[in-house]
Amino acid sequence: NAGVTQTPKFRVLKTGQSMTLLCAQDMNHEYMYWYRQDPGMGLRLIHYSVGEGTTAKGEVPDGYNVSRLKKQNFLLGLESAAPSQTSVYFCASTRGGGTEAFFGQGTRLTVV
Amino acid sequence: AQSVTQLDSQVPVFEEAPVELRCNYSSSVSVYLFWYVQYPNQGLQLLLKYLSGSTLVESINGFEAEFNKSQTSFHLRKPSVHISDTAEYFCAVGGSYIPTFGRGTSLIVHP
Numbered sequence: 001n002a003g004v005t006q007t008p009k010f011r012v013l014k015t016g017q018s019m020t021l022l023c024a025q026d027m028n029h030e031y032m033y034w035y036r037q038d039p040g041m042g043l044r045l046i047h048y049s050v051g052e053g054t055t056a057k058g059e060v061p062d063g064y065n066v067s068r069l070k071k072q073n074f075l076l077g078l079e080s081a082a083p084s085q086t087s088v089y090f091c092a093s094t095r096g097g098g099t100e101a102f103f104g105q106g107t108r109l110t111v112v
Numbered sequence: 001a002q003s004v005t006q007l008d009s010q011v012p013v014f015e016e017a018p019v020e021l022r023c024n025y026s027s028s029v030s031v032y033l034f035w036y037v038q039y040p041n042q043g044l045q046l047l048l049k050y051l052s053g054s055t056l057v058e059s060i061n062g063f064e065a066e067f068n069k070s071q072t073s074f075h076l077r078k079p080s081v082h083i084s085d086t087a088e089y090f091c092a093v094g095g096s097y098i099p100t101f102g103r104g105t106s107l108i109v110h111p
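Protein chains in written order, with our numbering: chain A, 1 to 112; chain B, 1 to 111.
In case anyone wonders, no lab produced these hints; they're calculated from the structure. Heads up, a few of these hints could be off.
Calculated cross-link-like contacts (lysine-lysine; reagent style DSS-like; alpha-carbon spacing at most 30 Å) [claimed, not checked]:
1) A:K70 x A:K9
2) A:K14 x A:K57
3) A:K71 x A:K57
4) B:K49 x A:K9
5) B:K78 x B:K49
6) B:K49 x A:K71
7) A:K57 x B:K49
8) A:K57 x A:K70
9) A:K71 x A:K9
Bound-form chain B, shown alone (with noise of 0.2 Å):
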């Protein structure tokens, strides 16, 4: 079985501050973890994923999420947020065949 907590329903924050939504997971086979976001009126899409090797994955637009195996944690970090940032953000953990997802971490960036 596996399970995602996002301890956050929502974020707020001010343009150019530093955030953190925070995800954590458990599961019973190895461990595949991705954040998605969705953007008002879309579908997901994926922002980051681990699959192995470097515990710190990025993406392309400044995002980046640590997997930390003690702490059973993938939070997804940004140093300095932009108003384009406001989304909803999903933390989702694999392993088996069907990816199982967190309730969603809305962020709101204020100007």
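Only chain A is shown next, with the shape it has when bound in the complex (with noise of 0.2 Å):
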């Protein structure tokens, strides 16, 4: 089972650079999430979405965009890469409103 997969892993970026993370879960679950993990911050909401084609602003969204345009990907942008953007980003999917949520393995992101 793949269940929920990120790409890459680990990346290195210089300021000022883009780069894009990508998501894809094979359980078709329509609500789909991007976190980023900071030492002593917890789970950080950057953007989410409600299904295919719908994207939505979460706690920490400056600095980031996404695209959902088939139900099974989810894709983190950022434009302009920051040293503040260097953390452990997670993608997460749920079937509905109220159920597990199923995690990727992270990408570590540093951003020199």
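Please assemble the complex out of the two chains, which come individually in their own frames, going by the hints.
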């Protein structure tokens, strides 16, 4: 079972560079989420999607964009990376409200 | 609106001792409660959940949690911990379409 797959697993960017993180789920889940995890801060929601073609801002959306062109994929983009975006990024999906969240293995991003 | 408070950021304990990780929540909709575990360099995975029915729920590796509606709590307990239980534990509340997570509690088991 693949579940939720994130690519890449590690990345180092220079300040100002751009990149896209890919999240793919094979469980036909409607809802998908991008979180960032920083020491002492827990998981903070960046953006989320409640279905194909829809996206919405979470708690910390600045500096990020997302797209959900296909139900199984949720892309997170950084247009101009900043050192403050150094973090571990997690994608998650759920079948619906109040159901278990399935997480990817994370992407460790360092911006220098 | 919903929120989760994990009262301890770090809990050190000796192997074979009991442990309790505390979680309090608030929610204006139906409450579904979860505990997730994160081992080093991995994603979060479900440990146990409360959706309805019995207020005491158990995991396959000896953890249990009790839903207490009057105290709005969902504390996680284990009567005897192992070194392998060392991990980050997250309490979460569902009910809306956005799961809300606590800040996590780092359980450190010493030999």
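We went through each hint and held it up to the structure:
Between K70 (chain A) and K9 (chain A) the alpha-carbon distance is near 22 Å, which keeps this suggested pair within the 30 Å criterion. For the hint pairing K14 (chain A) with K57 (chain A), the CA-to-CA distance comes to about 25 Å; that is within 30 Å, so the pair holds. About 18 Å separates the Cα atoms of K71 (chain A) and K57 (chain A), which keeps this hinted pair within 30 Å; it holds. In summary, the hint linking K49 (chain B) to K9 (chain A) is supported, as the alpha carbons are separated by about 28 Å, within the 30 Å threshold.
Of the supplied pair hints, the one linking K78 (chain B) and K49 (chain B) holds, its CA atoms being roughly 15 Å apart against a limit of 30 Å. In summary, the hint linking K49 (chain B) to K71 (chain A) is supported, as the alpha carbons are separated by about 26 Å, within the 30 Å threshold. About 27 Å separates the Cα atoms of K57 (chain A) and K49 (chain B), which keeps this hinted pair within 30 Å; it holds. Under the criterion of a C-alpha separation no larger than 30 Å, the hint pairing K57 (chain A) with K70 (chain A) is consistent with the structure, at around 18 Å.
Note on K71 (chain A) and K9 (chain A): the hinted pairing holds, with a Cα-Cα distance of about 22 Å set against a maximum of 30 Å.
Of the hints listed earlier, there is not a single one the structure fails to meet.
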